[in-house]
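Q: The lines below spell out each chain.
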Amino acid sequence: MNAPEFQRNIPADSTSPAASDRLAAIASGQVVPADIHAEVRAEDPLIRVEKFNLSYGAKQVLFDVDLPIPRGKVTALIGPSGCGKSTLLRSVNRMNDLIDTVSVSGGIRLTEDDVYGRGVDVIELRRRMGMVFQKSNPFPMSIRENVVYALRINGERNRRVLDSVCEKALRGAALWDEVKDRLDESALGMSGGQQQRLCIARAIAAEPEVLLMDEPCSALDPIATTKVEELILHLRGDYTVLIVTHNMQQASRVSDYTAFMYLGQVVEYGPTVRLFTNPHLKETEDYITGRFG
Amino acid sequence: MAASGRSSVRAISLLAQGEPMVWLSAFGLVMGLVMVTSLVVLVFWQGLTTFWPAPVVEITTRDGAVVMGEVTRSETFRPEPSLVAGLDAEAQEAARAEMARRDGRLHRRLVRTGNFELTGEHFRWVEDFGVSPEGETRPAWAIVYERRAWGRFYGTPAGFVAGDSLIATDPQEIWNLYRRHRHDDDAGEFAIRTATAAGQVKDIALNDIVRAYPANRLSLAEKAGLYLGRWWEFLTAEPREANSEGGVFPAIFGTVLMTLGMTILVVPFGVMSALYLREYAKQGWLTSVVRISINNLAGVPSIVFGVFGLGFFSYFLGGGIDALFFADKLPNPTFGTGGIMWASLTLALLTLPVVIVATEEALSAVPDSMREGSFACGATRWQTIRRVVLPRSLPGIMTGAILAMARGAGEVAPLMLVGAVKLAPDLPLDLHFPFLHPERSFMHLGFHIYDLGFQSQNSEAAKPMVFTTTLLLMGIVLFLNAAAIMLRTRLARKYTGSRF
Ligand SMILES: Nc1ncnc2c1ncn2[C@@H]1O[C@H](COP(=O)(O)OP(=O)(O)OP(=O)(O)O)[C@@H](O)[C@H]1O
Ligand SMILES: [Mg+2]
Numbered sequence: 174m175n176a177p178e179f180q181r182n183i184p185a186d187s188t189s190p191a192a193s194d195r196l197a198a199i200a201s202g203q204v205v206p207a208d209i210h211a212e213v214r215a216e217d218p219l220i221r222v223e224k225f226n227l228s229y230g231a232k233q234v235l236f237d238v239d240l241p242i243p244r245g246k247v248t249a250l251i252g253p254s255g256c257g258k259s260t261l262l263r264s265v266n267r268m269n270d271l272i273d274t275v276s277v278s279g280g281i282r283l284t285e286d287d288v289y290g291r292g293v294d295v296i297e298l299r300r301r302m303g304m305v306f307q308k309s310n311p312f313p314m315s316i317r318e319n320v321v322y323a324l325r326i327n328g329e330r331n332r333r334v335l336d337s338v339c340e341k342a343l344r345g346a347a348l349w350d351e352v353k354d355r356l357d358e359s360a361l362g363m364s365g366g367q368q369q370r371l372c373i374a375r376a377i378a379a380e381p382e383v384l385l386m387d388e389p390c391s392a393l394d395p396i397a398t399t400k401v402e403e404l405i406l407h408l409r410g411d412y413t414v415l416i417v418t419h420n421m422q423q424a425s426r427v428s429d430y431t432a433f434m435y436l437g438q439v440v441e442y443g444p445t446v447r448l449f450t451n452p453h454l455k456e457t458e459d460y461i462t463g464r465f466g
Numbered sequence: 012m013a014a015s016g017r018s019s020v021r022a023i024s025l026l027a028q029g030e031p032m033v034w035l036s037a038f039g040l041v042m043g044l045v046m047v048t049s050l051v052v053l054v055f056w057q058g059l060t061t062f063w064p065a066p067v068v069e070i071t072t073r074d075g076a077v078v079m080g081e082v083t084r085s086e087t088f089r090p091e092p093s094l095v096a097g098l099d100a101e102a103q104e105a106a107r108a109e110m111a112r113r114d115g116r117l118h119r120r121l122v123r124t125g126n127f128e129l130t131g132e133h134f135r136w137v138e139d140f141g142v143s144p145e146g147e148t149r150p151a152w153a154i155v156y157e158r159r160a161w162g163r164f165y166g167t168p169a170g171f172v173a174g175d176s177l178i179a180t181d182p183q184e185i186w187n188l189y190r191r192h193r194h195d196d197d198a199g200e201f202a203i204r205t206a207t208a209a210g211q212v213k214d215i216a217l218n219d220i221v222r223a224y225p226a227n228r229l230s231l232a233e234k235a236g237l238y239l240g241r242w243w244e245f246l247t248a249e250p251r252e253a254n255s256e257g258g259v260f261p262a263i264f265g266t267v268l269m270t271l272g273m274t275i276l277v278v279p280f281g282v283m284s285a286l287y288l289r290e291y292a293k294q295g296w297l298t299s300v301v302r303i304s305i306n307n308l309a310g311v312p313s314i315v316f317g318v319f320g321l322g323f324f325s326y327f328l329g330g331g332i333d334a335l336f337f338a339d340k341l342p343n344p345t346f347g348t349g350g351i352m353w354a355s356l357t358l359a360l361l362t363l364p365v366v367i368v369a370t371e372e373a374l375s376a377v378p379d380s381m382r383e384g385s386f387a388c389g390a391t392r393w394q395t396i397r398r399v400v401l402p403r404s405l406p407g408i409m410t411g412a413i414l415a416m417a418r419g420a421g422e423v424a425p426l427m428l429v430g431a432v433k434l435a436p437d438l439p440l441d442l443h444f445p446f447l448h449p450e451r452s453f454m455h456l457g458f459h460i461y462d463l464g465f466q467s468q469n470s471e472a473a474k475p476m477v478f479t480t481t482l483l484l485m486g487i488v489l490f491l492n493a494a495a496i497m498l499r500t501r502l503a504r505k506y507t508g509s510r511f
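Protein chains in written order, with the numbering used here: chain H, 174 to 466; chain G, 12 to 511.
Quick caveat, the hints were computed from the structure, so don't treat them as lab data.
Each hint should be verified, as a subset may be incorrect.
Said to hold, decoys possible - With a Cα cut of at most 27 Å, we get these calculated DSS-like pairs of lysine-lysine:
#, chain 1, residue 1, chain 2, residue 2
1, H, 232, G, 293
2, H, 308, H, 400
3, H, 353, H, 400
4, H, 341, H, 353
5, H, 308, G, 433
6, H, 400, H, 455
7, H, 400, H, 224
8, G, 433, G, 474
9, H, 341, G, 505
10, H, 308, H, 341
11, H, 400, H, 341
12, H, 353, G, 505
As the list claims (entries may be wrong) - Here are some, though not all, of the chain H residues that point toward chain G, as calculated from beta-carbon distances under 7 Å:
#, residue
13, 289
14, 291
15, 293
16, 300
17, 308
18, 310
19, 312
20, 313
21, 323
22, 324
23, 326
Note that CB positions come from ideal geometry on N, CA and C, so glycine has one too.
In isolation and in its complexed conformation, chain H is listed as follows:
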């Protein structure tokens, strides 16, 4: 793990500008190739983001993003506010389609399927992914119906199936014990933290291939945060998780790989342990240690 060849500030195969100039180059509008560690390349990617560009109207916010996301692993996206983490996350399940002004180029592949391909069934695509938002968004219905929502809209009627899915998902989200006696009450009467865990339960209920999480713990207390982190660790292996977080400790605790983004570009992407202890780039270290800016 702490092999000597990963010395900081000594990118092994760097053809990019001098390390200290990278962020300045990005800020000046240049597209700088990301430093992607070999370990990432060695993984089997479930999702491949390839030369992906996205603009809101005339304003481009993602530039040639290349990001293979390993199957069954937890990948964290970090970076300063406004750098496009949420946008990238929402691009994976095409939530950005809901915004009229968005235009994209390049591609995202989920296994072999082109997410932005012609004739892709977006509904079908979204059913293969679960998403947890920064702000909890339970639906105006009972707790039970919230959890099994994805199955319901898929036409599942069997009460026994729904009940078992509901319990499993709630247990998975560490919420079962708190709500098992009031499954038929409105979800809007729960506390904020409970609501967020409910949204996680909802996202995993249909057993999606991918779980997209956008700062899922930013509104949670430490105990709930711990529960969610345990949940993510538990999901690793079965699910491919892509998580956006501002919390460096969290990223280091839950993720296998971490990508550092800056102004719409990936700067460095590698195993979390590497990135946090021994990054290739000084910029990454500065950001992670809080010396950024």
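Fit chain G with the ligands to the given chain H structure using the hints.
A: Then chain G with the ligands, alone, in the frame of chain H:
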């Protein structure tokens, strides 16, 4: 120090201090409240007291005439000099004395004297100075008859007639006989021979009598019974005497049915329009134009909707239906004239903007994060609308429906053109196939009020009924609204988790 501080406060402009604005707005609120309260109190007082039985007075005037009846109201008036000058000496003296006391005014009472077929009048003014001394009594056996025709009759019983023979002359006996026979099948064989105050005699057949009572002999309980009986009749019976007597049941029925029909028509239409505008349509200048037009529609005078309803629904659609399906009945129109369905449709059109605006507001209050959550679960747009957006906005939509209902129930002008009538022979819903008769014209409380107040021949008698009918209409609107609000509260609790 204190003095200078005060003067610096005084230097600030009155408006800038804010205090006067507080008082001004409070004044505005108080004025509004006072006006509303006085309206409600007036309607309640007049509406509630109309049916309470008044005593019957017998008044002998100085010129020797005797009138008997109920005092309905009184007023003071400033007499023409010629009126006093034309009086005989005694009356003139009384009048002058009264004018001296009352600052040049005289007091008079309006007595409901009835007996129209004998006197040609229902009411008579009696001036105080015209009453001879000790000329006012309350005859113990004065009886008030409410009849099926000719209005009320006032008199004292002189005999009980069975067939051709007179079988009783004692008032108590007559009364007992009346009570025994009034519900008989052959009640028409019996009559009460009644002497009027003017000395005339008339036999009143028992089957002509709707209600008769010795007004001055009633105990409080009997009065209360009579009062409730009249309310019951009012609520459940058909109108009599050109609507000025009897009940308003057909009007209640018509009002409620028309309002419910309107609500059932307008809510789906309005909600669908709003859904399209808010959830499906691409927002742009076209949707803005549509929105502005809808808002303007709310400002169009309601009679214009009536004209449209008559022209389009009744004549065009109704005429078309008649030509296709009821050709054998032509030239008598079936659907081609006013009817409860056309009235409901017209009012639905009238209240459509209310529902659309309220629904749009409710839809836009649904947070986008909820929609996103649903889409992220793989829901289609329609699934998102049906399962998340609509439930969440249901209370707001209900508010729109309530507003529409309140507006529609109180609307009269367009109804006059598309189906509300003074007197409808049949209810639009009955036990004969096909039970609901959407082509039938109907009675409506609002139109009934107008008819009573301004179209009645016996307007003095109809006037109190205006208030009772108004009270009833207010009650019905209140009831419908309360029911809808209760429903909304329950839904809101279910879908938004908020508790009121
Ligand atoms: N709907 C939108 N329309 C126009 N611009 C947008 C929209 N959403 C985001 N942006 C812009 O895109 C850029 C990236 O936004 P994004 O939300 O992806 O940032 P982020 O990395 O998630 O930031 P944060 O950490 O604060 O959540 C920002 O500059 C933002 O202003
Ligand atoms: Mg974000």
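Q: Now tell me if each hint is right for this structure.
A: Here's how the hints hold up against the structure:
Of the supplied pair hints, the one linking residue 232(H) and residue 293(G) holds, its CA atoms being roughly 21 Å apart against a limit of 27 Å. Distance hint between residue 308(H) and residue 400(H) is fulfilled; the C-alpha atoms sit about 17 Å from each other, no more than 27 Å. Between the alpha carbons of residue 353(H) and residue 400(H) the distance comes to roughly 17 Å, so the proposed pair stays at or under 27 Å and holds. Between residue 341(H) and residue 353(H) the CA atoms are separated by roughly 11 Å; this keeps the pair inside 27 Å, and the hint holds.
At most 27 Å may separate the alpha-carbon atoms for a hinted pair to count; residue 308(H) and residue 433(G) exceed this at roughly 61 Å. The hinted pair formed by residue 400(H) and residue 455(H) fails the criterion: a straight-line CA distance of about 33 Å is larger than 27 Å. Restraint check: the Cα-Cα separation between residue 400(H) and residue 224(H) comes to about 36 Å, which exceeds 27 Å; the hinted pair is violated. For a cut-off of 27 Å, the pair hint linking residue 433(G) to residue 474(G) stands: about 16 Å separates their Cα positions.
Among the hinted pairs, residue 341(H) with residue 505(G) is consistent with the structure: their alpha-carbon atoms are about 25 Å apart, no more than 27 Å. Restraint check for residue 308(H) and residue 341(H): the C-alpha separation of about 23 Å stays at or below 27 Å, so the hint holds. With a CA separation close to 16 Å, the supplied pair residue 400(H) and residue 341(H) stays within the 27 Å bound. For the proposed pair residue 353(H) and residue 505(G), the alpha carbon gap of about 19 Å is at most 27 Å, so the pair holds.
With 7 Å as the threshold, the beta carbon of residue 289(H) stays out of range of chain G, its nearest partner Cβ sitting at about 16 Å, so the hint is violated. For residue 291(H), the suggested interface contact is broken, since its CB lies about 20 Å from the closest CB of chain G, more than 7 Å. Taking 7 Å as the C-beta cut-off, the interface hint given for residue 293(H) is violated, the closest approach to chain G being about 13 Å. Annotation: residue 300(H) was flagged as interfacial toward chain G, and the flag holds, the nearest CB pair being 3 Å apart, inside 7 Å.
Given the 7 Å rule on beta carbons, the hint for residue 308(H) holds: about 6 Å separates it from the nearest Cβ of chain G. Look at residue 310(H): its Cβ gets to within about 4 Å of chain G, closer than 7 Å, so that hint holds up. Satisfaction of the interface hint for residue 312(H) is found here, the shortest Cβ-Cβ separation to chain G being roughly 5 Å, below the 7 Å cut-off. The restraint placing residue 313(H) at the interface with chain G holds, with a minimum CB-CB distance near 4 Å, inside the 7 Å limit.
Taking 7 Å as the C-beta cut-off, the interface hint given for residue 323(H) holds, the closest approach to chain G being about 4 Å. The beta carbon of residue 324(H) comes no nearer than 9 Å to any beta carbon in chain G, farther than 7 Å, and the hint placing it at the interface is violated. Evaluation of the residue 326(H) hint against chain G yields a held restraint, the C-beta minimum of about 5 Å falling below 7 Å.
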